[in-house]
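Please arrange chains B and R on chain Y, whose structure you already have, making use of the hints.
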Amino acid sequence: MNQGNRMINWMHDLWDYPRSITGHGVRSTLKYLKGINSELEVHSYKSGTKVFDWKIPYEWNIYNAYIEHESGERFAELSESNLHILGYSLPLNKSISLDRLLPHIYIQPDNPDVIPYVTSYYADNWGFCMSENDKNKLPCGEYKVVIESEKKPGNMELADLIIQGKKSEEIFFSTYICHPSMANNELSGPVLSSALIQYIKAEYPESLYTYRFAFLPETIGSITYLSEHLDILQKRVVCGFNLSCVGDDRAYSHVESRLGNNLADNALKASLIDLSNVVEYSFLERGSDERQYCSPGVDLPFCGFSRTKYGEYPEYHTSADNFDVVTASGLQGSFDVMKSIIDAFEMKLFPKINVKCEPHLSKYGLRNTVSHKNILDDIHTRSDFIAYSDGKHSLFDISNKIKKNLDLVIAEATLLEKHGLITLFDVQQ
Amino acid sequence: MNQGNRMINWMHDLWDYPRSITGHGVRSTLKYLKGINSELEVHSYKSGTKVFDWKIPYEWNIYNAYIEHESGERFAELSESNLHILGYSLPLNKSISLDRLLPHIYIQPDNPDVIPYVTSYYADNWGFCMSENDKNKLPCGEYKVVIESEKKPGNMELADLIIQGKKSEEIFFSTYICHPSMANNELSGPVLSSALIQYIKAEYPESLYTYRFAFLPETIGSITYLSEHLDILQKRVVCGFNLSCVGDDRAYSHVESRLGNNLADNALKASLIDLSNVVEYSFLERGSDERQYCSPGVDLPFCGFSRTKYGEYPEYHTSADNFDVVTASGLQGSFDVMKSIIDAFEMKLFPKINVKCEPHLSKYGLRNTVSHKNILDDIHTRSDFIAYSDGKHSLFDISNKIKKNLDLVIAEATLLEKHGLITLFDVQQ
Amino acid sequence: MNQGNRMINWMHDLWDYPRSITGHGVRSTLKYLKGINSELEVHSYKSGTKVFDWKIPYEWNIYNAYIEHESGERFAELSESNLHILGYSLPLNKSISLDRLLPHIYIQPDNPDVIPYVTSYYADNWGFCMSENDKNKLPCGEYKVVIESEKKPGNMELADLIIQGKKSEEIFFSTYICHPSMANNELSGPVLSSALIQYIKAEYPESLYTYRFAFLPETIGSITYLSEHLDILQKRVVCGFNLSCVGDDRAYSHVESRLGNNLADNALKASLIDLSNVVEYSFLERGSDERQYCSPGVDLPFCGFSRTKYGEYPEYHTSADNFDVVTASGLQGSFDVMKSIIDAFEMKLFPKINVKCEPHLSKYGLRNTVSHKNILDDIHTRSDFIAYSDGKHSLFDISNKIKKNLDLVIAEATLLEKHGLITLFDVQQ
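Residue numbers (numbering that gives the first Met the number 0), protein chains in the order written: chain Y, 0 to 428; chain B, 0 to 428; chain R, 0 to 428.
Bound conformation, chain Y alone (with noise of 0.2 angstroms):
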């Protein structure tokens, strides 16, 4: 639980900042996960730049924003949620009736508690988000509306962040920063792939492969950073995952790639086999940057993960998906998910056994000498692991195979190797 503590303890840091897909709040974002691992290195894109199909939008900052009757009541103060404003909101001064305010509210219809999450990026707009109980509570009369914002040409910030190794293949794991003040969807992303990248650097300083990480805001940063290097992604991503609502304990999700089956698809699957709750979604279900890793014409080998989808969960895109959603223990079990993917990846990924036909494993101490069908003969992950370690079949193969976690598979490949029983390849044999 260690590393579930620490990604929690990083998300409390990180609640206030007023994130959209620019502006200052992703800046601060992005600062303070290079005070995490220092490498991270911030890019920046002008607005109106053209990224295929799409164009950087103007660069938007949040300042101050409120409802004041004229009894001067305050409400849907942006001091007490940054959700309170429609993202990317034009800045406004005015007194208007309540009638005309209230088209400008948008509230949860399926629960009156919450504030929603709601944005207009490309489209000039202002609004305010508030649950539907205390909009009922507004007072008739005028009100005086302010929104302190700026929505005019600047940047769009996003980072990334490369473990070279010794191989050029990559794995590539992409997440968001633009999202505000939720915590599943998604301060969970960005915090996993720090400790990640924390973990790469302890426990491999010499790896085998090429690792990549990405934070962005959601599409336009996803499709502008393929915009820029989609030739070389396209050359050496073998592997990629997109994290997204990682940090809930209820499901482990898999949302499979465009075609299916792919590498990233396997390892996930592996990973998965034995946890509770998991859940399969087609590409059909999609709804995260895997739509644009997976393209036509981008096609990168990248899947989906989540514990709890984004759609799935009652609190998404609201104002309660916070720290009651997200736990230590919710992060930690997406943590050893994507942890025993790397390991896998960094042990080689392609066992094949030394030996023709069975090894005699009570020779090396790995079977009992009596053989009596009532004694436990649990060996059957090692039995299987061995017909399988072919060269052909990798890891994840196996795992899914012979329906054992990627977990387990990795211990006996650890162990069978140490025994000289088998050796590992990078490449399938």
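None of these hints come from the bench; they were simulated from the model. Possibly wrong hints are sitting among the right ones.
A pair counts as met if it fits within one copy or between any two copies, since identical chains are not told apart.
[What the hints assert, rightly or not] Calculated pairs, DMTMM-like style, for lysine to aspartate or glutamate (alpha carbon to alpha carbon, straight line, at most 25 angstroms):
1) Lys338 / Asp383
2) Lys268 / Asp383
3) Lys134 / Glu67
4) Lys391 / Asp298
5) Lys234 / Glu79
6) Lys33 / Asp52
7) Lys391 / Asp342
8) Lys49 / Glu416
9) Lys268 / Glu284
10) Lys136 / Glu69
11) Lys402 / Glu279
12) Lys200 / Asp52
13) Lys355 / Asp298
14) Lys417 / Asp342
15) Lys234 / Glu40
16) Lys166 / Asp123
17) Lys400 / Glu279
Predicted, not measured: the structure shown is a model, and the values here were computed from it.
Showing chains B and R alone in chain Y's frame:
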């Protein structure tokens, strides 16, 4: 329902022609169909001509038939129903006792009210078909049996019609003209084919693909047609459908090809998605001319399409297969299924997205600008369509992959092509 | 049932030989089997010989063994059951107290009435096996333990028999001769193989394929055999079966090969269609010599065949595995399954229809001439067989495709070949 009503009217006109695999009933039927589409060409084959393992049988004509009791009362009169005569009965005019008559009378054991449809094309025989109720009423005594038929060397007719397109690749529709006075099996097929011909000529006067329609006696007709045209059919036909029992409104049936999963199978599956009561039959449940078109060494990419499949509805091959079974809406449903497939071919099968990553849909007015999880944002079909528009998946593949009816997929393709977001190709990219 | 009764008689004769993986019990067993088929060749391997990761163990012989209470009463006498002695027990002649004796006594915890079968081939040990009931009756006091055995350098025997066919391609049957005084596991395998040899020699004196039969001690025997013949086996064996527990009459079991779907898997599936209580086990549930034959780098096209699989019946590896478990009809069932497979190979595997389109079956008397939906027209097997007689589907493939037992498929092939409608080829066309 426009097409459905026209097809029903044609069926009424064709009802009384005494069809069999040869003879004047076939000739008058083909003449009527040529009245609908004048390009229809009738081909004549001499009795005794060898066609693969078969020989064109003698021509059979039936003019009159009845059983007359010594009292003068007549039974099983051809003038009341074409089904009363055992198909290919030899001519006869003799007196016999009831005892010796009864073995020549065929009934439908599971329904005492209907006349069964029975034939004996390839062995000399004579007989009558009656409802069990009527058979039981035959009084004791002597009978005169009168069959005014001819069975002698002559010709077998069949017809085809080819609509030449820009490409030599053909879509082939085959159906029967050998069934007397039954509606679903088989006046429905010939009228559906006739309506499809009119649709293609009106909608696609310069069609991309070439369309071939055949109107044949079942089995011997398709064998004859294949015997004459096998080389050219194997070179050109890319997709074929056997149309039989396409007029009732109860189910939609797909009889899979011999090896499954050819272009016709994929197309039909796509066009049936979300219709009510869709049934997939394996090739083991075939029973129509897909038997010949898919036979080893012929192997045209055919499958079978029916509403309720032959053999699967109680009225099948009896006098109850009438206009209570076949309806305008039933025929219209079949028309719509085949029309979608033609539309897909004509719009070109392989869409390819023109941009990398997801397009910025809201820029084109193809998506809401406010992102809020409770605004009904039903653009799943659109984004799923785009996700598989990689130039490799056909419109049929996409439909089957994203589980949306081919019509919806065609609508998306039309819209996205209009906005310049996709290009459609007639071959895989 | 002819074969079944002969096999049962052989088993009775072989019952008392004190089999283990080496020693005089094996030698006398092989001598008896050579009496049935004189071409059997016995091969001898010196203790200590390295075979892949293993060494041929010392030869073990057992002559007498018992426990004698100070009162003179004897227990666990070898002369009463070969199972009383722990396999490979060291010689012993000493007095010990009950307390020190008990840890050397093995029982079957889930059944107090039976003697378990226990061995310790590869670690020095001694012990007795008793029913729990008998163990509980051992009186207090001193015991003399007598084991008159030898465990010392010597030989391990195994045998094979090859029936040379016109083709060098081999069908390989392997079974065990190392189990003492148990019926299903494993006297059933050796007698089945013996009966199959007689069948092939009688039925196919000039066989098309070459047949190889091996009679081995389990594990070490097959490893030794593979160690000596691997190259030739990999070149020649096209289909192999491990025969074990083939004598009871409860189920038919198929243990799939490592990668699944090899020729042996397809053949066995075809031969089991429509039998009662067929169970398919994945390779993860293996436990017999398919472990060696399918191991990585060996990869012979083997699968396992059993009636009720080892480990899946309560009498397995106990004194209850006797002639109440194995019956003549159980053995006959196994014989018939393997016989069909041999028949299919010998008739040549790939039928190809000689005509295009469906043949005119009624012309050959192979179909009714009157077509009436209520005349039972059960020619589905025939027309389905023809539909897949394309020279590409083997008799096994066709059987699995049309879901008819291999026997029926062979009968159709025989009939259609007689009428000149198909030609059978021994290689895919």
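Consistency of the hints with the structure:
1. Lys338 / Asp383: Cα proximity of Lys338 and Asp383: one copy only (23 angstroms, versus 32 angstroms across).
2. Lys268 / Asp383: both (18 angstroms within a copy, 23 angstroms between copies)
3. Lys134 / Glu67: within (13 angstroms within a copy, 91 angstroms between copies)
4. Lys391 / Asp298: both (24 angstroms within a copy, 13 angstroms between copies)
5. Lys234 / Glu79: neither (47 angstroms within a copy, 73 angstroms between copies)
6. Lys33 / Asp52: For Lys33 and Asp52, neither the intra-copy (30 angstroms) nor the inter-copy (53 angstroms) Cα distance is at most 25 angstroms.
7. Lys391 / Asp342: Classified as within: same-chain Cα gap 19 angstroms, cross-chain 35 angstroms, threshold 25 angstroms.
8. Lys49 / Glu416: Between copies, since 22 angstroms is at most 25 angstroms while 51 angstroms is not.
9. Lys268 / Glu284: Result: close both inside a copy and across copies, 17 angstroms intra and 22 angstroms inter.
10. Lys136 / Glu69: within (14 angstroms within a copy, 97 angstroms between copies)
11. Lys402 / Glu279: Intra 16 angstroms, inter 18 angstroms, cutoff 25 angstroms: intra and inter.
12. Lys200 / Asp52: neither (37 angstroms within a copy, 39 angstroms between copies)
13. Lys355 / Asp298: Answer is between: at 10 angstroms across copies they meet the 25 angstroms cutoff, but 39 angstroms inside does not.
14. Lys417 / Asp342: Result: close within a single copy only, 16 angstroms intra versus 49 angstroms inter.
15. Lys234 / Glu40: The answer is within: 21 angstroms in one copy meets 25 angstroms, while 58 angstroms across copies does not.
16. Lys166 / Asp123: Classified as neither: same-chain Cα gap 47 angstroms, cross-chain 49 angstroms, threshold 25 angstroms.
17. Lys400 / Glu279: both (17 angstroms within a copy, 17 angstroms between copies)
Going through the hint list in order, the structure does not satisfy hints 5, 6, 12 and 16.
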